[in-house]
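S.K.: Here is what each chain is made of, one letter per residue.
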Amino acid sequence: MMLSRAAENLYWMARYLERAENTARLINATAQVLLDLPRGASFGWDNLVQIVGLAGLYQQAYPESNESNVMDFLVSAQRNPGSIHSCVKYARENCRVMRDVLPRELWERVNAMYLASLRQSQNRMGRVERRRVLEDLIRDKQAASGLLADCMSHDVAYQFLRLGEHLERADMTTRIIDIHAAVLIPGSTDTADPVIAMLWVGVLNSLSAFQMYRRHGSNRVEGEGVMNFLVRDPNFPRSVVYCLDEIETRLANLPHNIDPLRALRVARRRLDRMTAEDLSAAQRHEALDLIQGDLAQIHDAVAAEYFHFHRDAVPVEENTGTQRQLSSQTLGSAFQSN
Amino acid sequence: MELGLERYLRSDGFDEFVGPDHAPRPAARALCRYLTGLAEEDLMARRAAVDAAIVTMGITFTTYGDGASIDRAWPFDPIPRVMAASEWAVIDRGLRQRLVALNLFIDDLYNDQRIVRDGVFPAELLANSRNFRGQCRGMSPRFGVWAHICGTDLVRDKDGTVYVLEDNLRVPSGVSYMLENRILMKSAFPELFEMCRIQPVDGYTAALYDMLAALSPRMGERPVIALLTPGIFNSAYFEHSYLAQQIGAQLVQGTDLLVGSDDVVYMKTIAGLRRVDVIYRRIDDDFLDPDVFRADSALGVPGLMRAWRKGNVAIANAPGAGVADDKVVYAFVPEIIKYYLSEDPILQNVPSYLCFRDEDREYVLANLDKLVVKPANESGGYGILIGPQATPEARRQCAERVKADPRGFMAQPTLTLSTVPTLVGNQIAPRHVDMRPFVLQSGSLYVTTGGLTRVALQEGSLVVNSSQGGGSKDTWIVEEGA
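Chain order of the listed sequences is A and B. Here our numbering is used: the first residue of the first sequence is 1, the next is one more, and so on. Here our numbering is used: the first residue of the second sequence is 1, the next is one more, and so on.
Please keep in mind that the hints were generated in silico from the structure rather than gathered at the bench. Take these hints with a grain of salt, some might be off.
Said to hold, decoys possible - Listed below are the simulated SDA-like cross-link pairs for lysine to any residue, each with C-alpha atoms no more than 20 angstroms apart in a straight line:
(1) Lys370(B) / Glu343(B)
(2) Lys89(A) / Ile54(B)
(3) Lys268(B) / Ala303(A)
(4) Lys268(B) / Trp12(A)
(5) Lys268(B) / Asn257(A)
(6) Lys158(B) / Leu457(B)
(7) Lys370(B) / Gly425(B)
(8) Lys268(B) / His256(A)
(9) Lys268(B) / Leu254(A)
Said to hold, decoys possible - Computed beta-carbon distance windows for the label pairs:
(10) Arg131(A) / Ile183(B): 34 to 42 angstroms
(11) Ala112(A) / Leu126(B): 24 to 32 angstroms
(12) Arg294(B) / His308(A): 23 to 31 angstroms
(13) Arg197(B) / Asn123(A): 46 to 54 angstroms
(14) Arg357(B) / Pro81(A): 20 to 28 angstroms
(15) Asp42(B) / Ser208(A): 53 to 61 angstroms
(16) Thr56(B) / Arg214(A): 38 to 46 angstroms
(17) Asn235(A) / Thr56(B): 52 to 60 angstroms
(18) Gly53(A) / Arg137(B): 29 to 37 angstroms
(19) Arg265(A) / Arg137(B): 26 to 34 angstroms
(20) Arg131(A) / Asp42(B): 36 to 44 angstroms
(21) Leu34(A) / Thr56(B): 54 to 62 angstroms
Ideal placement from N, C-alpha and C gives every residue a C-beta, glycine not left out.
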């Protein structure tokens with residue numbers, strides 16, 4: 001038995017945590033790429049803000065696009081609802097409201113993440129400190145995910161957590177792929193080639209995917225191969241298709257899943273039908289935009305089915321098998337912690 | 001560490017740790033030995049660990065009007081308060097007696113009103129009671145119990161006598177802090193629990209579940225229990241969440257519930273509507289049902305009273321139970337006990353002056369500098385005048401309020417609350433305390449082992465409310481002679 005409001009809180013808590021982690025990955029990857037840029041090439045800081053879809057808000061808040069401003073905006077800014085600090089703060093608020101269904105250790109961990117983020121947001125960080133802080137955050141988030149996987153009943157609440165986590169992850173993966181667009185290289189394609197390859201390594205590294213790409217993807221690091229791996233590899237847990245499969249599994253465990261599953265299958269079919277041309281440099285943007293649109297449709301279907309309550313809904317039949325099983329599960333776990 | 005018990009005793013009050021002979025009282029001997037043997041740095045390190053644990057665990061409360069943050073760390077003192085098991089056994093019996101009598105009283109008021117007809121409880125007091133709910137007339141909840149959960153505030157005066165200060169029968173809070181305090185102490189001072197025979201406190205949540213489950217209107221089914229909270233901005237939200245988790249209840253807000261045309265209460269779930277059998281409500285009567293009480297309430301559930309009157313849902317505490325949570329009614333509790341149980345009260349009331357009685361009012365107005373004046377219907381320490389510490393202007397304003405609404409006020413002599421050792425900086429100093437045990441009643445009765453001890457952290461202060469700067473301590477009921 002799961003309240004609609006509770007389901008929504010859990011879903012968003014997982015999304016916020018996942019967004020914080022991926023934003024940290026995006027920033028650390030960018031910082032690595034910057035170090036390897038050849039003379040003459042420049043990095044478009046405003047593109048980074050565009051990638052996460054916050055260009056408008058950024059322009060209102062900062063006079064110019066430079067590293068210090070963009071990093072402040074993405075890492076610490078209270079006025080940016082998508083900054084890492086804000087994401088952790090919202091995740092904590094959602095976690096706090098849901099302490100009755102979440103393992104106690106999760107609250108303690110998320111609360112600790114927030115307290116650390118609050119301390120760090122007090123002043124602007126240099127590159128070395130920033131890297132360490134973001135790596136810590138990624139580790140903390142991974143520990144939180146592991147804690148949920150290992151210490152929480154895989155009940156209805158858990159399905160919503162994983163649903164939110166994987167929808168956000170799929171979306172952020174498509175955005176991180178776009179990072180190469182931020183680098184502007186003047187001159188001939190000859191000088192550009194090694195730089196572009198280096199950029200793709202940066203993308204893979206940011207998603208902890210380089211090693212797995214070497215093992216399971218193609219040998220050369222080049223655009224189409226990386227794109228194909230990050231979008232369509234069925235076994236890499238940050239690829240879009242893997243996330244969709246995970247979402248499908250979660251939806252299958254939920255009641256009334258017809259509409260969300262339909263939206264999921266639309267997205268899935270599009271990935272299956274993508275051709276090499278769709279994944280090529282020329283078509284890449286369009287393809288990623290379409291995937292992001294499909295993910296938004298899945299979110300809308302989930303929200304309409306589970307979060308937004310309709311007054312004319314019919315009472316659930318009492319004592320149906322699954323309902324009883326779930327309510328006794330909730331009760332059992334509550335008494336264990338007693 | 002050097003405790004300095006000779007220096008420690010200095011007030012004319014009653015100290016629970018040290019007797020007038022400057023020696024620890026029998027129940028406190030083991031603790032005293034332990035503290036004496038503990039290095040100061042060690043104690044400081046443990047306090048730091050406890051403080052860190054409170055922040056990490058997110059044990060918080062909220063102070064109203066504290067705009068910046070909605071939650072603050074719970075102020076906790078690591079020196080436990082010790083009480084002898086033999087003394088506690090008497091208090092335990094007294095608390096049971098008191099709640100049984102109060103429930104008979106409430107049930108009577110909403111039905112035959114025998115106690116009024118027999119002239120024991122004045123009719124005009126009932127007529128002027130703000131917490132008497134006409135909408136509850138003729139109801140008789142299961143077991144005849146209206147106040148299922150009672151938080152009774154106890155204080156000890158300078159001669160050592162324990163008095164009941166008030167009975168909180170509406171939405172008493174604090175029990176989660178009592179439970180958390182024990183967890184904190186166990187992690188910080190595990191060896192103490194081997195040295196002393198300390199009675200456990202953690203049976204409360206199982207007792208709470210049993211009490212609520214016994215109220216379910218659908219016998220034989222596993223009851224669906226919901227804890228109704230006003231939401232995250234309420235000062236006790238931490239507790240609501242904690243208790244829901246501990247008893248396996250759904251933590252709901254008013255908007256999560258609706259009452260169907262079948263007069264049954266449902267929760268809005270991801271799978272549709274689910275019936276609710278028992279509501280442990282943590283919102284006041286006024287906000288429960290906008291159709292019946294305050295129409296502007298966004299916290300409650302329209303139709304809830306209808307469902308309750310039909311017997312389709314149990315509500316704890318029952319609507320209207322607050323009629324006995326009134327500081328004027330309080331003064332009648334000794335008579336109420338005698339009337340319904342034909343027994344003498346085991347626990348004493350603090351002598352009270354009821355301002356609606358002309359003679360009492362004259363006395364109160366003439367002695368405002370010696371008395372504590374309390375509004376009949378407030379809680380949380382709001383609106384109280386502590387005469388000896390108040391400014392002349394505050395006393396004058398209080399006198400005006402009393403004259404304007406005599407039924408709304410009562411007064412009591414200023415008690416010198418007992419003190420217990422408290423860690424202040426790196427010294428141990430006496431600070432005033434009260435205690436709130438929790439009593440449960442439905443099919444059977446349950447009393448917590450000890451209760452929540454609240455401590456006034458300011459030197460000499462008698463205000464222990466956490467909303468006004470108080471802290472808390474773990475409370476130990478110990479077998480003597482250990």
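S.K.: Out of the numbered hints, which ones does the structure contradict?
M.R.: Violated: hints 1, 7, 11, 14, 15, 17, 18, 19 and 21.
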